[in-house]
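Peer 1: Sequence:
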Amino acid sequence: MPATLYERLGGEERIKRLAADIIDNHYRNPLIRSRFEKVSDRAALERHSVEFLCAGSGGPQTYTGRDLVSAHKGMNVSEQELVAAIDDILAAMTKNGYDQAEKNEVVAILYSLKGDVVRL
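Using our numbering, the letters of the sequence shown correspond one by one to residues 12 to 131.
Check each hint, because a few of them may be wrong.
Unchecked claim - Listed below are the simulated DSS-like cross-link pairs for lysine-lysine, each with C-alpha atoms no more than 27 Å apart in a straight line:
#1 LYS114 to LYS27
#2 LYS106 to LYS27
#3 LYS114 to LYS125
#4 LYS27 to LYS125
#5 LYS49 to LYS125
#6 LYS125 to LYS84
#7 LYS49 to LYS106
#8 LYS49 to LYS27
#9 LYS125 to LYS106
#10 LYS49 to LYS84
If you are wondering where the hints come from, they were derived from the structure by calculation, not from laboratory data.
The whole structure should be built from the sequences, with the hints applied where relevant.
Peer 2: In structure tokens form, the structure reads like this:
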């Protein structure tokens, strides 16, 4: 049986490093930095990001954060901001040595969620 995306991403410990790098990239990205500077609890943001990535890639973890629609409602996120966030994720994946196949699969998943994030 082929490995799940979760297994190919290296499980929870490797995903924790990936999530920390993604959030670091978001805080440095001029297009979306202001969205993240408003977050009062970075540790919770990182924890929810790890849970989201683990659960969404087939891991056993449970996501305990708000659903995407609730989390982004009223933010009026633009498509440009979504692309910037995805670019940050890809940069973090590159830094962490992921293969193109995993990057492609993650991007496909992220774009499938576009309707839950953009212009709500």
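Peer 1: Does each hint fit the structure? Answer for all of them.
Peer 2: Hints versus structure:
Using a Cα cut-off of 27 Å, the hinted pair LYS114 and LYS27 holds, with the two alpha carbons roughly 16 Å apart. Using a Cα cut-off of 27 Å, the hinted pair LYS106 and LYS27 holds, with the two alpha carbons roughly 13 Å apart. A hinted pair counts as satisfied when its Cα atoms are at most 27 Å apart, and LYS114 with LYS125 qualifies at roughly 17 Å. The suggested pairing of LYS27 with LYS125 holds, with an alpha-carbon distance near 23 Å, which does not exceed 27 Å.
For a cut-off of 27 Å, the pair hint linking LYS49 to LYS125 stands: about 22 Å separates their Cα positions. This hinted pair checks out: LYS125 and LYS84 have alpha carbons roughly 13 Å apart, not beyond 27 Å. Our distance criterion of 27 Å between C-alpha atoms is met by LYS49 and LYS106, whose separation comes to about 26 Å. Taking the CA atoms of LYS49 and LYS27, the gap is near 22 Å; set against the 27 Å cutoff, the hint holds.
Between LYS125 and LYS106 the CA atoms are separated by roughly 24 Å; this keeps the pair inside 27 Å, and the hint holds. For the hint linking LYS49 to LYS84, the alpha-carbon distance of about 15 Å falls within 27 Å, and the restraint holds.
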